[in-house]
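Asker: The residues making up each chain are set out below.
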Amino acid sequence: MTTTQLAGLLPELEVIRADFPILGRSVAGGLPLVYLDSANTSQKPQVVIDTMVDHLERHNANVARAMHTLGAEATEAFEEGRDRVAAFINAPSRDEVIFTKNASEALNLVANTLAWARGTLAISEGDVVVTTEMEHHSNIVPWQLLTERTGATLKWFGITDDGRLDLSNIDELITERTKVVTLTWVSNMLGTINPVAEIARRAHEVGAIVVLDASQAAPQLPVDVVASGADVVVFTGHKVVGPTGIGVLWGKRELLEQLPPFLGGGEMIETVRMERSTYAGIPHKFEAGTPPIVEAVGLGAAVEYLSHIGMDAIHRHEQTITAYALEGLATVPGLKVLGPLDAAERGGAISFELDGVHPHDIAQVLDSRGIAVRAGHHCAKPAHARFGVQSSTRMSSYLYTTPAEIDALVEGLEYTRSYFKLG
Amino acid sequence: MMSTELDSLYQDIILDHAKRRLNAGLREPFEAEVHHVNPTCGDEVTLRLHLDGNVVRDISYDNQGCSISSASASVMTELLIGKTVAETQPIQDAFLEMMRGKGQVEPDEDVLEDAIAFAGAAKLTARIKCALLSWMAFQDALVRAQEDSHA
Numbered sequence: 000m001t002t003t004q005l006a007g008l009l010p011e012l013e014v015i016r017a018d019f020p021i022l023g024r025s026v027a028g029g030l031p032l033v034y035l036d037s038a039n040t041s042q043k044p045q046v047v048i049d050t051m052v053d054h055l056e057r058h059n060a061n062v063a064r065a066m067h068t069l070g071a072e073a074t075e076a077f078e079e080g081r082d083r084v085a086a087f088i089n090a091p092s093r094d095e096v097i098f099t100k101n102a103s104e105a106l107n108l109v110a111n112t113l114a115w116a117r118g119t120l121a122i123s124e125g126d127v128v129v130t131t132e133m134e135h136h137s138n139i140v141p142w143q144l145l146t147e148r149t150g151a152t153l154k155w156f157g158i159t160d161d162g163r164l165d166l167s168n169i170d171e172l173i174t175e176r177t178k179v180v181t182l183t184w185v186s187n188m189l190g191t192i193n194p195v196a197e198i199a200r201r202a203h204e205v206g207a208i209v210v211l212d213a214s215q216a217a218p219q220l221p222v223d224v225v226a227s228g229a230d231v232v233v234f235t236g237h238k239v240v241g242p243t244g245i246g247v248l249w250g251k252r253e254l255l256e257q258l259p260p261f262l263g264g265g266e267m268i269e270t271v272r273m274e275r276s277t278y279a280g281i282p283h284k285f286e287a288g289t290p291p292i293v294e295a296v297g298l299g300a301a302v303e304y305l306s307h308i309g310m311d312a313i314h315r316h317e318q319t320i321t322a323y324a325l326e327g328l329a330t331v332p333g334l335k336v337l338g339p340l341d342a343a344e345r346g347g348a349i350s351f352e353l354d355g356v357h358p359h360d361i362a363q364v365l366d367s368r369g370i371a372v373r374a375g376h377h378c379a380k381p382a383h384a385r386f387g388v389q390s391s392t393r394m395s396s397y398l399y400t401t402p403a404e405i406d407a408l409v410e411g412l413e414y415t416r417s418y419f420k421l422g
Numbered sequence: 000m001m002s003t004e005l006d007s008l009y010q011d012i013i014l015d016h017a018k019r020r021l022n023a024g025l026r027e028p029f030e031a032e033v034h035h036v037n038p039t040c041g042d043e044v045t046l047r048l049h050l051d052g053n054v055v056r057d058i059s060y061d062n063q064g065c066s067i068s069s070a071s072a073s074v075m076t077e078l079l080i081g082k083t084v085a086e087t088q089p090i091q092d093a094f095l096e097m098m099r100g101k102g103q104v105e106p107d108e109d110v111l112e113d114a115i116a117f118a119g120a121a122k123l124t125a126r127i128k129c130a131l132l133s134w135m136a137f138q139d140a141l142v143r144a145q146e147d148s149h150a
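So the protein lines, in turn, are chains F and Z. Each residue of the first sequence is one higher than the one before, counting from 0 in numbering that gives the first Met the number 0. Each residue of the second sequence is one higher than the one before, counting from 0 in numbering that gives the first Met the number 0.
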């Protein structure tokens, strides 16, 4: 069987690849680029690049302030970006979509405004915030800061040996004192897809707010924020073929309206007097200062591009490539995958160890063959510690990844073993 | 990076030291113990320094890291153990100058001995920190040990 005939791959994969100009460049002295670091950041299709360039060349002005043609065009383009993102995640209202700098800022926005909240949302001594051992640092540290500042306690779900969330003590973690349950939808290290709806249902039974980090899910899975069961969903633009510098926070209207402002400044106000100010309604209440305008325009083009191909088809492609990669990696002697081994239950990021070679050295040798992977702790040190490893090598695919690239990775790993004389 | 450059990074001296890890393990006595990490990749080293008057009598360490950082610790301890503190200074300076020289600094083999093998790593921004980790830990330990002896 030639590998290009795998069932489930995106049809016209070569046409899709041609949309991404960077995939045509060579590296390492003339070798074709094999980009397997999409969980770190995705590559950008021409339409995103062109849309951003066109905006800067023809429509650039500040938004919501400038009383002239360009100002109106820029505002319209920026707000259209919001509309497109709202449609992409099936948000009930465009006003529930808030632009941030990235997913980290979105999570910090929630954690900080909760720390400042009064009334029913207030968090104080004796309250509990629950996260998981599987999180990216950005969904751990903001909650450590919140609990340190409020006197609340941080607790977490552990990880089972096969890389899933350990829900065996869910009754001890989610109690009447639990105010927030935050978790990742898809693990950036283990690839695990978590049972979000089930955990959200349990959290809602005790009145806790559910925060969902969809940074790795939004690129790969069809997202319906309401169906997810969460109250807040965040993701970053640059992993969904959009630009860096923009993230998305979706929240239920009632919650967003109850939370106090995050940053103070222009755009987030209704009126300002020296004694006191009143604040704009959502989403602007949480968007102080000049926002990332061209980034929002680019993100709008990005999610439109993904929707045009279809998130169901992209998900199927990811699963097909992931299954093929798991099969190939299993043939490399001394290689151990961290996380679930069933492609149907995981995302496209695969972290692994190779006996006798440090991840840095693996990445270095692969780079000499034009293959880009990530080596290190992937901002998930606790999850690595859970498996007794300090770091790992991670390959991550996307809609433009081909089976031939997976073959190149497997050959590259064989070469790495022989380079370091491992037989 | 082509494979010739790969070979210039992974010179036999480096691969050999990464495997043998001279002076590895934590030993007593020591006047200073430091723990350094490379936050970008998570590499770690715990390093102990034993001074005998002004002589570096022992440097012992426990590290988790790539072949470049392991080899660097091995080479460094081999170079510095037994020297006086004053004698270690020009070696430290020369190593730092080479690693921060973006591959443009011609290393002096008389001073650096095996450590000249890291000239290849100096050309790769991502690997400079790997090579410097244990050297920075030694500098730190030296300052602390000397502070304590003056206290």
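Quick caveat, the hints were computed from the structure, so don't treat them as lab data. Misleading hints may appear alongside valid ones.
[As the list claims (entries may be wrong)] Here are the simulated DSS-like cross-link-like pairs (lysine-lysine), alpha carbons at most 27 Å apart as the crow flies:
1) 335/F / 122/Z
2) 82/Z / 128/Z
3) 128/Z / 101/Z
4) 18/Z / 420/F
5) 82/Z / 18/Z
6) 420/F / 335/F
7) 101/Z / 122/Z
8) 154/F / 251/F
9) 335/F / 100/F
10) 380/F / 18/Z
11) 82/Z / 420/F
12) 128/Z / 18/Z
13) 380/F / 154/F
14) 128/Z / 380/F
15) 335/F / 380/F
16) 122/Z / 18/Z
17) 420/F / 128/Z
18) 251/F / 380/F
Asker: Holds or violated: residue 18/Z and residue 420/F, Cα atoms, limit 27 Å.
Answerer: holds (11 Å)
Asker: For the pair supplied as a hint, residue 128/Z and residue 101/Z, confirm whether the alpha-carbon distance does not exceed 27 Å.
Answerer: holds (12 Å)
Asker: Sort out whether residue 100/F lies within 27 Å of residue 335/F, counting only the CA atoms.
Answerer: Cα-Cα ~36 Å, so violated.
Asker: Taking only the CA atoms, is the gap from residue 82/Z to residue 128/Z under or equal to 27 Å?
Answerer: holds (25 Å)
Asker: Given the proposed pairing of residue 420/F with residue 128/Z, does the C-alpha separation stay at or below 27 Å?
Answerer: Holds. Residue 420/F to residue 128/Z sits at ~25 Å (cutoff 27 Å).
Asker: Between residue 420/F and residue 335/F, is the straight-line Cα distance small enough, at 27 Å or below?
Answerer: Judged against 27 Å, a Cα distance of about 19 Å means the pair holds.
Asker: Given the hinted pair residue 335/F and residue 122/Z, is their Cα-Cα distance within 27 Å?
Answerer: violated (31 Å)
Asker: For the pair supplied as a hint, residue 101/Z and residue 122/Z, is the alpha-carbon distance within the 27 Å limit?
Answerer: Given pair residue 101/Z, residue 122/Z holds - Cα atoms ~5 Å apart, limit 27 Å.
Asker: Is residue 128/Z close enough to residue 380/F, meaning Cα to Cα at most 27 Å?
Answerer: Between residue 128/Z and residue 380/F the Cα gap is close to 19 Å, so the pair holds against 27 Å.
Asker: Decide if the proposed pair is consistent with the structure: residue 335/F and residue 380/F, CA atoms, cutoff 27 Å inclusive.
Answerer: holds (18 Å)
Asker: Need the status of pair residue 251/F, residue 380/F: alpha-carbon distance at most 27 Å?
Answerer: violated (31 Å)
Asker: Is it true that the CA of residue 128/Z sits at most 27 Å from the CA of residue 18/Z?
Answerer: Roughly 20 Å separates the two Cα atoms, so the pair holds.
Checked against the numbered hints above, the structure breaks hints 1, 9, 11 and 18 and satisfies the rest.
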